[in-house]
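In terms of my numbering, the sequence shown opens at residue 21 and continues consecutively.
Please note that the accuracy of each hint is not assured.
[What the hints assert, rightly or not] The calculated DMTMM-like cross-link candidates involving lysine to aspartate or glutamate, where the alpha carbons are at most 20 Å apart (straight line), are:
1. Lys132 / Asp54
2. Lys407 / Glu200
3. Lys391 / Glu366
4. Lys46 / Asp85
5. Lys133 / Asp231
6. Lys258 / Glu279
7. Lys258 / Glu269
8. Lys321 / Glu305
9. Lys404 / Glu350
10. Lys407 / Glu237
11. Lys320 / Asp122
12. Lys188 / Glu237
13. Lys188 / Glu269
14. Lys263 / Asp231
15. Lys258 / Asp54
16. Lys139 / Asp122
17. Lys258 / Asp231
18. Lys132 / Glu201
19. Lys320 / Glu332
20. Lys321 / Asp338
21. Lys188 / Glu201
22. Lys145 / Asp324
23. Lys317 / Glu337
24. Lys320 / Glu337
25. Lys74 / Glu63
26. Lys139 / Asp231
27. Lys46 / Glu110
28. Lys43 / Asp85
29. Lys407 / Glu343
30. Lys188 / Asp170
FYI, nobody ran anything at the bench for these hints, they're computed from the structure.
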Amino acid sequence: MTTHSIFEVFSEENATGVAYKNKSLKRGIINHLDESGNSTITEMAQALNISVPKTTSLVNELIQDGLIRDHGKIDSTGGRRASMYGLVAESCYFIGVDVKHDYINIGLLDFKKNLVSSKMRVPYKLENTPASLQQLIQAIRSFIADQTIDTRNILAVCFNLSGRINTKSGYSYSYFHFNEEPLSAIMEKELGIRTFLENDSRAMAYGEFHDGIVHQERNVLFVNLDYGIGLGILIDGKVYYGKSGFGGEFGHIPVFSNEIICHCGKKGCLETEASGQALLRVFRESIGNGSTSSVMKNGKKVNDVRLADIMEAIRQEDVLSIELIAGIGEKIGRGLAVLINIFNPELVILGGTMAETGDYIRLPIRSALNKYSLSLVNNDTQVKLSKLGEKAGLIGGCLIARNNLLTAMNNQQD
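Could you build all of it, start to finish, from the sequences and the hints given here?
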């Protein structure tokens, strides 16, 4: 197998006539196996509406390319036993990079969508500076260097960043926008790997939609409860982006009449009172007003408290932290009631750092939904916690890198 096999199959360069048709059929076989798992020659022939001899010839070529493997004979109720074929997991790999406020999660996915390797909570400080960007690039290089695979087979990487991301152009409008060139192009040059960019909440939602708690549901909202508040939207089974990829700015709905300036520059955004940043602010204010908390033991200074510290205190049943997260949950529920009235979803998934507190935040949110949303609409909606948890973003990023690469190569034929 060569590292360029999949590019050869999906590329239309110098392909005309029969060669063009054969490449198209090979893509059809790969897509069929991608959806069905393993399959026989007869099943593939029926799915593509071509002859068994033609399918056999194409499958043999894909085996030589190292993209498909013969898994041997299967039991049959009568007649000759047929061979089962499937994708070769190690033929190519994809990386997902989930960039958080204080750390990075990185994962490596194989061609069959198995998470082969991951590195969680790599220390990192997200800042809109060239130094922070270089630190991010170095973290990815280190992760790649640690892998035991042939790293030439890593075909694409997807970076998840918070804020406004145009996935098509590769521009970030919230972080690392100090160059005229798209951020995805800059990262691609630095890493030497095809690079895509995605909003962090949408990547987490993508992971959860495709590999998490979503099963038959077609209309789903994924709420990312972290330092900010993000949203991923699934409408009729498809991820919704909006015209420029900015859809889902849930945290910036003007819910409150306050004078607190949001980091977006506006006042009254949901994030100003119902986010991880807001939780940190009210925690520090409470300590300043004389409240006590286990977070402050061992002489910890209030300005050094991080969101993760409060989450751990909640797990340890710290009374102040539990009271504050309940207040935050009530306000999130108030904002979420607006979305439920608009979208009438089957399922709302709560993910991100604050969702790690489980029912401490889910129950206040559910209570607020009962209070603020229309009963007929609200009754249709389940509220569940993320199944993938901390890995939702990196799995989503890996899947997006894989999907975007295959889609991009497919589109070259159009």
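Against the structure, the hints:
no. : hint            : in the structure
1   : Lys132 / Asp54  : holds (7 Å)
2   : Lys407 / Glu200 : violated (39 Å)
3   : Lys391 / Glu366 : holds (18 Å)
4   : Lys46 / Asp85   : holds (11 Å)
5   : Lys133 / Asp231 : holds (10 Å)
6   : Lys258 / Glu279 : violated (37 Å)
7   : Lys258 / Glu269 : holds (18 Å)
8   : Lys321 / Glu305 : holds (13 Å)
9   : Lys404 / Glu350 : holds (16 Å)
10  : Lys407 / Glu237 : holds (15 Å)
11  : Lys320 / Asp122 : holds (18 Å)
12  : Lys188 / Glu237 : violated (27 Å)
13  : Lys188 / Glu269 : holds (18 Å)
14  : Lys263 / Asp231 : violated (26 Å)
15  : Lys258 / Asp54  : holds (18 Å)
16  : Lys139 / Asp122 : holds (14 Å)
17  : Lys258 / Asp231 : holds (14 Å)
18  : Lys132 / Glu201 : violated (33 Å)
19  : Lys320 / Glu332 : holds (14 Å)
20  : Lys321 / Asp338 : holds (17 Å)
21  : Lys188 / Glu201 : holds (14 Å)
22  : Lys145 / Asp324 : holds (14 Å)
23  : Lys317 / Glu337 : holds (14 Å)
24  : Lys320 / Glu337 : holds (18 Å)
25  : Lys74 / Glu63   : holds (13 Å)
26  : Lys139 / Asp231 : holds (19 Å)
27  : Lys46 / Glu110  : holds (18 Å)
28  : Lys43 / Asp85   : holds (12 Å)
29  : Lys407 / Glu343 : violated (25 Å)
30  : Lys188 / Asp170 : violated (29 Å)
When each numbered hint is compared with the structure, violations occur for hints 2, 6, 12, 14, 18, 29, 30.
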